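Chains A and B are the protein sequences, given in the same order. Residue numbers for the first sequence, in the working numbering: 1 to 718. Residue numbers for the second sequence, in the working numbering: 1 to 429.
Just so you know, the hints here were simulated from the structure itself, not pulled from any lab data. None of the values given here were measured: they were computed from a predicted structure. Don't take every hint at face value.
Okay, derived cross-link-like pairs now, EDC-like style, lysine to aspartate or glutamate, Cα gap no bigger than 16 Å in a straight line [stated by the list, open to error]:
| no. | chain 1 | residue 1 | chain 2 | residue 2 |
| --- | --- | --- | --- | --- |
| 1 | A | 513 | A | 80 |
| 2 | A | 644 | B | 94 |
| 3 | B | 186 | A | 80 |
| 4 | B | 368 | B | 197 |
| 5 | A | 112 | A | 501 |
| 6 | B | 186 | B | 149 |
| 7 | A | 145 | A | 80 |
| 8 | A | 520 | B | 324 |
| 9 | A | 112 | A | 302 |
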Amino acid sequence: MHCPSLSLRAAPVLLITAILAASTALTAWGKEHSAKQSKANAAPVATSLDDNQRILHALDRFTFGPTPGELDQVRAMGVDKWFEQQLHPATINDAVADSEIAQFRTLKMSSKEIASNYPTPQMVRQIADGKMGMPDFGFGADSDKRAIYQSAVDRYRQRQAENQANQNEEVAARKADRLFPADRQAGRAEVAAFLAKPPDDRYKMALSLPDGERTAMFKSLKPDERQQVLTEFTPRQREEIIALTTNPGSVVTTELLQAKLLRETYSNRQLQEVMTDFWLNHFNIFINKGQERYLLTAYERDVIRPHALGKFKDLLLATAHSPAMLFYLDNSESMGPDSEFAQNRGHKPQPQKYVRRRGMYFPRPAPTFRQAKGKRKLTGLNENYAREIMELHTLGVDGGYTQQDVTSLAKVLTGWTITPPKTGNYDFDFRSEWHQPGEQTVLGKRFKDNGEKQGTKALEMLARSPATAHFISKKLAVRFVSDNPPPALVDRMAQTFLHKDGDISQVLRTMYKSPEFWSKDAYRAKVKTPLEFVVSALRATSADVTNAQPLAQQLNKMGMPLYGVQPPTGYPMTADAWVNSAALLARFNFSLALASGKIQGVTIDSQALDQNISSDASADSLATLEARLSNGELSAQSHAVIEKELADPSFAARAATAANDAALNSHFDGEDTGEDFLAGGAKPHLPRPQRANVNLPVTSRESLAIGLILGSPEFQRR
Amino acid sequence: MSITRRIFLKNGAMALVATTAIPAFLTRAMYGIDTPTRFGGPKNGKRLIILFQRGAADGLNIVVPHGDPHYYQMRSSIAIPRPSSGQLSAIDLDGLFGLHPSLAPFKPLWERKHLAIVHAAGSPDTTRSHFDAQDYMESGTPGIKSTQDGWLNRALVALDKQNKIISPFQAVALTNAGLPRTLAGKVPAVAVSNLNEFGVGGMKNPSAAAQSISSTFEAMYAGSTDTVLHGTGDETFEAVKMLKDANPAQYQPAPGADYPRGRFGDQLKQVAQLMKADLGVEVAFCDIGGWDHHVNEGNVNGQLANVLKDFSGSIAALWIDLGDLGENTVIVTMSEFGRTARQNGNGGTDHGHANVMFVLGGPVKGGKVYGTWPGLAPEQLYEGRDLALTSDFRRVLGESVYRHLGNRDLSTVFPGFDNNPDKFLHLLG
C-alpha cells in the first residue's frame, strides 16, 4: 500500500506550516495590501496586481494549481526566483513524484519490453493460431509473464469458441438467458464470498482460480466493486490481476494515465509537467489507434518531457523520429512512388498518365501499386503527416504553405518509418529503399536528396520559420495568458523564439517579463480545462491518491479523456470549449464526490483541511477553509451562499433523510459504503468500512463546504 | 407546407372532430399549432437535426455511382460491386446510384420517399484540412475564419423574435466533446453527453438534500459577476429542472427502434428522448467519427462498412423512435469533405472535395438523388483527383432553415452566400 511519507501528501512539517499559513492568510492579506509591494522581488515592470495576486497568478499559470501553503513558500523564496527555478527542473528535487511513479513497472520499459511483457492482441492471436510459439520465459524468473501469456491465449481461444457458437442462434439465445437472472444470482453469491475476504486473501483466491473462472469472477463484479477490489490490492497485485483478467495492454494504459495524473498532482517540477501536457496536446497522439498504447509510454518519457522546456527544433525532430507519431499520422506507411523499393518489385513503373484540362496536359498524381504476395506491402505516398506538420505542428493553418508544399514534404519524409513489426523493436528506422529520390522544394527552398538528412533539414527549416515562431508563441500565450492574448505580447514572444533559436524557456521568460502577463486583464482570466480543474482540486485539498484510474474516468465524463483526442488537433485551450451545462454539472458532482471521499482511490486529508470547521460552522472557520482552497479568491457572494447553506437549521434534518438515499451516489464511480456524503452530520467520526488505513473522519459540514468551494465559479478559474 | 398549415389553422375545430379521418401525425401537428407545447417550444413543432460525420466520409463508397464506368476504374480493390442478386453489392436506387450494402436500413426510408440524397455536395472551400473544413462548415462561412458563431445558432437568432417563450433545450448537442461550433453563438445551447448524469447527484431520484445542494450551486452561479460562468450556470439549472420533470431515466424507445450499441446510437436515442418528452427541442446536433480511412478502407466489408452499419442503423432507429414526430422533423447529414476518387496505395482514400448528404424527414420529397452529377471521368474531376462540387452545402441547409424552420433571413444565417429560394433544390415539400 501507499506509504504516506513525503511532501505535499504527507510531510507533517509542511502540513502544519500549511495550516498555520492558512489561518493567518487572511490577516497576512491585509498586511500585504498596506505594504504595497515593498518587497525586494517587486515587479520588473509596472503592474496593477498586488504581491499576493502576483504570486497566485504565477502559481495559477505555471503549476496545476497551488497547494496549501505554497503561496507562502513562493513568497519566502521570491516569485522571480521561483519561476527561474521552475525553468530549470533538474535543479528541483522530485523524489516524491518519482516514488509515486516507481510503483508502475511499465513506465521504465522500452516499447519492446512492454509489448513483450504484455502481449498485443496480434501476438496473442498468432500464438493461439499456432503461427508463433510462446516466447522463451527462462527458468522460473518470470512466472507472471508466462501466466499472462497463457491466460491471454486461453481467453482468445474461448472467445473464438463463443463466436462460433454464437453463429448458431439458438445457442446465442441460451447464452443471453444465462446472463440473466438465475445463473447470475448464483454468481453473485460467489462474488459476495470473494468480496468478504481481506485483500490479500482475495488476491490468493484470484490466483488459485483457473483462468476462465478468474476472468468470469472479475467480469461479474459491478464496476464500483471491481474498482474497489483493485484499489485495495498492492500496485503489483493490481497490475497482475489486470493483466490476467483483461487485455494485457490495459495494464500499460492504466499505468500511463495514472502516472500522468500523479506527476501533475505531486511533482515539484510543476512547470515541466504543465509544458509536458502542453506539448503532448500540441503533438497529439490518440491512444486508441492501433498499437499506440504500446508506444505512448516511451513517447511521453523519451520524446516530450526531456524537451518540454528545451529547443522547439529538438522537440519537433524527436517527435518526427518517434514510432508513436510516425504510426499515428501514417508516415510509417508512406513510400516514394519512384523509390528503389517501388522500382524493384518486378512491376514496370506505370506509364506516365496525363489528365487533360483546358486543353493542357497535367501529370496524373499518385500512381498506385499492386500488392505482392507474401512480402512487404507496396504502398504509395501518404501526405497525412506532412500536412499536419505544417498545419498543426509548425507553421499553423495560415502559415502560407500550399498543397504542393505538403506533397513535397511528404516525399522528403518517405522512408521515415518504424522497424519491421516482426523484430518487435518499435524503433525509428530510415529505409532508404522507400525514400523518394531527388531534390524537393518546400516553401520555395530546395532540399537536395541526401536521404534521411533531407527530412532533417526540411524540419529544421520549418522549426525556424517566422510563421512557426508566431504560431507557437500564440498557442503558449493562450495557455498562459488569456484566450485572446494581446498581439503585441505574442509578437514579442515570437521575436525571442526567432532570436533564441526556438528556445522555449526563453520564450516563456519573455512572456513572464511582459506587462501584459501581469495585467489585470490576464488575472483569473483563464477557465480551467477539466484536467486542470481535477488536478487543481487534488492539489488544493492535499488529496492522497492510491489509485488514479477512477480520476481518469472522471475526466472521460467531463469530455476530456487523457490521450483520447482522435484528431491531431488536440484539445482546445479556450473557455468556450469547456464551459457548458453538462461539463459544469460534471464539475459539481466531482467536487462533491471528492470532498466526501466518494472517488475510489482518493482520500482528501480532511484532518488538515477541516480542522477549524466544526458543526457550528462559524464564519471564521469557513473563511479559513476558503482561504486554503481558493487562496482568498472566493467571492463575497459565493461565501455568503455557502455560509447560508451550512447555517440552515433544517440542514441536519434534511441530511439525515438523505443518508438513506442510496440512489444519490449511484452514478459516482465511488463505492457505496453506506456513508452518504451528507450522512456525517448525523454520524460524525464514522470510520470508513471496508478500507484499510483510513481513519480520518469526514463530517457532513466539512465535506459539503469543501465540495461547494471546489464547485464555485471562482474555483473554475485560474 | 405553409399551405397545409393554414388549412389546419382555419379548420382546426372541424379537424378535431374528424380525427379518425386524418392520420395521427396530422392531428398531432394540429394540436401543436393550437396549444403551446408544455415548455413553450415552437408552436409549429418543427425540428431540425444535424448529424456531422467527422473525419471526411467517403461519399463515393456510401452512395455509389455504380452507373459511372470510371468509378470502377479508379477503385480496383475498394469499389462496391454493381447491384446484383446474391453477393454483397450496391443496393440500386435509380440505375446510376446505389447504397453501400451497410446502408440497408435506409432502403425502406428511400422507398417510402422519406429519404432524399444530395450528391456531389459540400463546401466550396479548397482546404483539405479536417480542422479547417469542419470549422467552415460549422460556422457556415467557408473561407472566413473570423466568424465567431455557428450557422445553426444564427438560424435560431431570427426565430427568437417570433417565439417569445424559449426552452433551454431549444438547441441541444448530444456529444462527448462539449458544445459544437455549429451551435455556438448568442442563443443558449445545451451540450449533454448523457442525460442520466444531467443533474447534481444524478437524475435518478435525487434526494432532497442533493436538490438543496443543487440550489446552493445555482445561487452561487446566479450571484456571480463572472459573465461566462454566470450565464452557463443559469442555463444549466433551468435545464436540470425541466429534465427532471421529464424523467429521462424511465425512457423506453418505441418498439422496433433498435439503436445499435455505441456512442452514436446512444446520442440519437437521447435526441429522441428529449423530443418525445416535449422539452421544446427545435434543433439538435450529434456527430459520429471514424471516417478517415487512409489505410485499408475496405469495400462491402471492412472499416467503412462497419461505421456505416452504425450510422444507418442508428438513424433508422431514431426515425422509428420519433414516430409521429418525424412528420415535422428534418434530419440532415454532412461531412467536411469527400475523399479522393482514386484509391491510394494503402487501400484507402485521401482527403478530397465533394461528398454526399442525406436529408430525411416528413417534409422531405424523398426517393430521389438531387443535384447534378459531375461525372468521374479524369477531366471531370476536381483538380484531377476529387469529385467536383455541384451543390453547395449551404443550399441544402438554407432550404431547411428557410422552408422548414421558417427563418427567412438567410443572409444572416449564411452571410455572403446568395441563397435565393429560387435556387433551392426543392427537396422539401
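Do the alpha carbons of residue 644(A) and residue 94(B) lie within 16 Å of each other, as the hint requires?
violated, 69 Å
For the pair we were handed, residue 368(B) and residue 197(B), check the Cα-Cα distance against 16 Å.
Roughly 41 Å between the alpha carbons, so the hint for residue 368(B) and residue 197(B) is violated.
Below or equal to 16 Å on CA atoms is what counts here, so check residue 186(B) against residue 80(A).
It is violated: about 42 Å lies between the C-alpha atoms, which goes past 16 Å.
Would the pair residue 112(A) and residue 501(A) pass a check requiring their Cα atoms to be no farther apart than 16 Å?
violated, 34 Å
Is residue 513(A) within 16 Å of residue 80(A), Cα to Cα?
Within the cut-off at roughly 10 Å; holds.
Can the restraint linking residue 186(B) and residue 149(B) be considered satisfied, given a maximum Cα separation of 16 Å?
holds, 8 Å
Given the hinted pair residue 112(A) and residue 302(A), is their Cα-Cα distance within 16 Å?
Distance ~14 Å between residue 112(A) and residue 302(A) Cα, so the pair holds.
Take the C-alpha atoms of residue 145(A) and residue 80(A), compute the straight-line distance between them, and say whether it is at most 16 Å.
The given pair, whose Cα atoms are some 50 Å apart, is violated under the 16 Å limit.
Would you check the hint for residue 520(A) and residue 324(B), treating anything up to 16 Å between C-alpha atoms as holding?
Given that 16 Å is the threshold and the Cα spacing comes to 55 Å, the pair is violated.
The structure does not agree with the numbered hints 2, 3, 4, 5, 7, 8 stated previously, though it agrees with the rest.
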